[in-house]
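Sequences are here, hints too, so could you generate the full structure?
Residue 486, in numbering that gives the first Met the number 0, is where the sequence shown stops; the numbers in between run on with no holes.
Rather than coming from a laboratory, the hints here were simulated on the basis of the structure. Glycine included, every Cβ here is placed at the ideal spot set by N, Cα and C. There could be a bad hint or two in this list.
To be verified - Label pairs and their calculated CB-CB ranges:
hint : residue 1 : residue 2 : range
1    : T32       : P127      : 34 to 42 Å
2    : A124      : S57       : 34 to 42 Å
3    : Q462      : F125      : 22 to 30 Å
4    : F304      : V141      : 36 to 44 Å
5    : N316      : T26       : 52 to 60 Å
6    : F149      : E56       : 41 to 49 Å
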Amino acid sequence: MAATSTNPDNREAPGGPGKGTGAATTTPTRRGTELVLLAFAAVIVTCALTLVNLNLESQPPSQILYYGLAFLALFGLAHLAVRRWAPYADPLILPLVAFLNGLGLVLIHRIDIGNAAEAERAGDAFSPAAPSQVLYTALGLVLLALVLVFVRDHRTLAKYSYTCGLVGLVALALPAVLPSVIAPNINGAKLWIKLGPLSFQPAELAKILLLIFFASFLVSKRELFTTAGRRFLGIDLPRARDLAPVLVAWAASIGIVVLERDLGTSLLFFGIVLVMIYIATERAVWIAIGISLFAAGCLAAYSLFGHVQQRVDAWLNPMTSDSGYQLSEALFGMATGGIGGSGLGGGRPAIVPYAKNDFILAAAAEELGLLGLAALLLVYLLLTARGLRAALAVRDSFGKLLAGGLGFAMLLQVFVIAGGVTGLIPLTGLTTPFLAAGGSSLVGNYVLVGLLLRISDASRRPQQPSKPQPQQPPIAEAHTELVERPR
0 MAATSTNPDN
10 REAPGGPGKG
20 TGAATTTPTR
30 RGTELVLLAF
40 AAVIVTCALT
50 LVNLNLESQP
60 PSQILYYGLA
70 FLALFGLAHL
80 AVRRWAPYAD
90 PLILPLVAFL
100 NGLGLVLIHR
110 IDIGNAAEAE
120 RAGDAFSPAA
130 PSQVLYTALG
140 LVLLALVLVF
150 VRDHRTLAKY
160 SYTCGLVGLV
170 ALALPAVLPS
180 VIAPNINGAK
190 LWIKLGPLSF
200 QPAELAKILL
210 LIFFASFLVS
220 KRELFTTAGR
230 RFLGIDLPRA
240 RDLAPVLVAW
250 AASIGIVVLE
260 RDLGTSLLFF
270 GIVLVMIYIA
280 TERAVWIAIG
290 ISLFAAGCLA
300 AYSLFGHVQQ
310 RVDAWLNPMT
320 SDSGYQLSEA
330 LFGMATGGIG
340 GSGLGGGRPA
350 IVPYAKNDFI
360 LAAAAEELGL
370 LGLAALLLVY
380 LLLTARGLRA
390 ALAVRDSFGK
400 LLAGGLGFAM
410 LLQVFVIAGG
420 VTGLIPLTGL
430 TTPFLAAGGS
440 SLVGNYVLVG
450 LLLRISDASR
460 RPQQPSKPQP
470 QQPPIAEAHT
480 ELVERPR
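Right under this line is the structure:
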């Protein structure tokens, strides 16, 4: 009878299954930890859904256990993909994403119930958003698995960096140049492309492609940004000709504000470029130059464009401004929630326009309170920290820049959204990653997570032991061989 062995610690040898036995060092893959955390996230999401239905319908859903198991099975398949194609990936990234996505589904379902009641009183038709969000979740997980399958080494993406940059710029500018029939103006911004019943936001794809381009570009042209020019007030300023990439990014961000009226994508795009330059050069002067340029562009946009003035007026005077109704209702809702919140299903977040899109953080703050909102922000912070940890641990410069840019992109997006919802900064129109309703944002962020998993797998994977070279005897000890000339 053949002997079998178990591996309770989920360890693999450096060369993969069946290799590197003996004295070879093993590293835990931590996939068992990931599965346990996924089950814990599924339990939290199931309990949250139960609370919503108990508060609104006085009884739990009849198929609550089925919903919880289906959620766990969906992310369990993603876990199997990670176990197969990225066994050394960070064990916290996928469970954190599952928790955020699941809680987002619960909040969207809760807002759907409120919107359905209002539509019934008004005699209007209503279509819930939660079922389509579940489909987008499944599609996003499929794309995450495809990223792991086809991108076996993140360094291969650097070979296509200029292609990614070109496609990213085209995708970013596409809504501005297409006619209104294909790229309609929705809520004052041209962000979407509609093809029949399908619609998508190309900026989500452009964000990832431009991250790949800038990571590769900064690795190959790092000396352009590290060379000091003139010294002014004790600061080594960069040379004038080296400012071209920053000026191009600044011009593109201002173009987005002018042509697409999208403040959020403009801020996100320019902020990512600045931070990646800082990571590559470790020179804070680039951040100062970038902030100065962006501030000047914002002042110019405010003085020239009416839609920017409306956003600023709604920010400064939400109670009296004609365009501040959305923000004022959100602030009242968060104040009603207080420290502990009104409880899932106990508030009225549905009265805020676009509560399940732009203002889902306000809905969470109303029903979960300040403590719940702080916990959500800590989850995002932990997710960003795991991405930055992969950036620190990976061995190649391209991977460090790409992982750092991907992690910071998520953090900056959450900051811009939370700042706009709470009145800290003007509203920008971005959506909360994994939490808000929207297929383009959800699918794009799952591709982003797939790249982070691939880089974290490379950072934690043990290096292959180098093959020992045959030892050559010293020349002084080498034997002399007589070679006869062939006849």
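These are the hints, each one checked on the structure:
1. T32 - P127: 34 to 42 Å: Since T32 and P127 have Cβ atoms about 35 Å apart, the given range 34 to 42 Å holds.
2. A124 - S57: 34 to 42 Å: violated, 26 Å
3. Q462 - F125: 22 to 30 Å: The hint (22 to 30 Å, Cβ to Cβ) is violated, given that Q462 and F125 are roughly 57 Å apart.
4. F304 - V141: 36 to 44 Å: About 40 Å separates the Cβ atoms of F304 and V141, which means 36 to 44 Å holds.
5. N316 - T26: 52 to 60 Å: Check passed, 57 Å falls within 52 to 60 Å.
6. F149 - E56: 41 to 49 Å: 44 Å Cβ-Cβ, so the 41 to 49 Å window holds.
Going down the numbered hints, you'll see the structure goes against 2 and 3, while the others check out.
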